[in-house]
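Going down the list, the protein sequences come from chains A and B.
Under our numbering, the first residue of the first sequence is numbered 1, with each subsequent residue one higher.
Under our numbering, the first residue of the second sequence is numbered 133, with each subsequent residue one higher.
Quick caveat, the hints were computed from the structure, so don't treat them as lab data.
One should not assume that every hint holds.
Each pair of labels, with its calculated beta carbon distance range [said to hold, decoys possible]:
#, chain 1, residue 1, chain 2, residue 2, range
1, B, Q160, A, E124, 27 to 37 Å
2, B, E216, A, K51, 28 to 38 Å
3, B, I252, A, E44, 18 to 28 Å
4, B, K292, A, D50, 50 to 60 Å
5, A, V115, B, G282, 24 to 34 Å
6, B, Q160, A, K92, 20 to 30 Å
7, A, L102, B, E220, 34 to 44 Å
8, B, S168, A, E123, 29 to 39 Å
9, B, V254, A, D114, 25 to 35 Å
10, A, A76, B, E244, 16 to 26 Å
11, B, A251, A, T47, 43 to 53 Å
12, A, K98, B, V240, 14 to 24 Å
With a straight-line cut-off of 27 Å between C-alpha atoms, the simulated DSS-like cross-links for lysine-lysine are [stated by the list, open to error]:
#, chain 1, residue 1, chain 2, residue 2
13, A, K23, B, K149
14, B, K163, A, K121
15, B, K141, A, K19
16, A, K26, B, K149
17, A, K98, B, K149
18, B, K175, A, K92
19, A, K119, B, K141
The beta carbon of each residue, even a glycine, is placed where N, CA and C say it ideally should be.
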Amino acid sequence: MFDPSTRVLVIDDMLTMRKIVGKACKSIGLTDIIEAKDGRDGWEKLTTSDKEVGLIVSDWNMPNCTGIELLKRVRADGKYGALPFILVTAEKEGSQVKEAILAGVSNYIVKPFDVDTFKVKVEEVYKKVTQS
Amino acid sequence: MKVDPSFFKPIVDATRKTLSIQCSVESQPGKPFMKSDPTRITKGVEIAGVIGLTSESYNGSIALCMTRPVFYSVMNGMLGEECEESIEELSDGIAELLNIIFGDAKAVLNEEGHAIQMAIPVVLVGQNLQTAAGESANSTVVLPFNTDAGEFFIEIALDKS
Numbered sequence: 001m002f003d004p005s006t007r008v009l010v011i012d013d014m015l016t017m018r019k020i021v022g023k024a025c026k027s028i029g030l031t032d033i034i035e036a037k038d039g040r041d042g043w044e045k046l047t048t049s050d051k052e053v054g055l056i057v058s059d060w061n062m063p064n065c066t067g068i069e070l071l072k073r074v075r076a077d078g079k080y081g082a083l084p085f086i087l088v089t090a091e092k093e094g095s096q097v098k099e100a101i102l103a104g105v106s107n108y109i110v111k112p113f114d115v116d117t118f119k120v121k122v123e124e125v126y127k128k129v130t131q132s
Numbered sequence: 133m134k135v136d137p138s139f140f141k142p143i144v145d146a147t148r149k150t151l152s153i154q155c156s157v158e159s160q161p162g163k164p165f166m167k168s169d170p171t172r173i174t175k176g177v178e179i180a181g182v183i184g185l186t187s188e189s190y191n192g193s194i195a196l197c198m199t200r201p202v203f204y205s206v207m208n209g210m211l212g213e214e215c216e217e218s219i220e221e222l223s224d225g226i227a228e229l230l231n232i233i234f235g236d237a238k239a240v241l242n243e244e245g246h247a248i249q250m251a252i253p254v255v256l257v258g259q260n261l262q263t264a265a266g267e268s269a270n271s272t273v274v275l276p277f278n279t280d281a282g283e284f285f286i287e288i289a290l291d292k293s
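Start from the sequences, fold in the hints, and give me the full structure.
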């Protein structure tokens, strides 16, 4: 599992979902959490964080800059391109999952989800990171 | 307009699944009724999330309508704590729930060829809210659900596109 000191950037335009994802992170030992309210704010927080972000957990549908747009921006960036990036979304149709995979998403969590599912998805990302 | 009842099943299934997994709240669907039915009035709704819907077959909206006790029961379960915030402060929770319900139902309906698009939900907060009245009530189907904290409703208003 990720080191407990890993900084997690949680991005969602809904405060309620930021709280839920934040609690899920804490329940698996990841307590260093910063939040952003959309993709644009997320990029700002990522690039100005006083400590390196080690994991992004982002919603897909958000105003200003969506999760998939942010993912593409992160993957295209020389400094942040390999950062683990999880999309959390209510969109589970094949075309959208395919778009996320093609954009380089590390893992994909479909809402509704419980803490056990969240933990499994984060562990899968950790395995990918450590194997690469 | 008359809507094929099979359109409602994915919405009922998604509602029950979402409340169970995301909020630890079990719900039982009741018998659907028309919003215009004078014998079955949706009383005490204080918060509603409404989302626009367009498809090749229908245009309309879906509303998730809750009384205060049901909303707090659902939010307490969703956040895993006793919520002390006001209903206004927690209001984006109902929009998120509706997003999840509709996202889940949309995937099933689109597999059946409906080609549904969804918009961003809006939230209404107030006393005795009615999301449909007059003429629109004649074409609005209400799906009631029972929980330990009381009843809540999904209201579906559709017209041919």
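Tell me the numbers of any earlier hints that the structure contravenes, in ascending order. 8, 10, 11, 14, 15, 18 and 19
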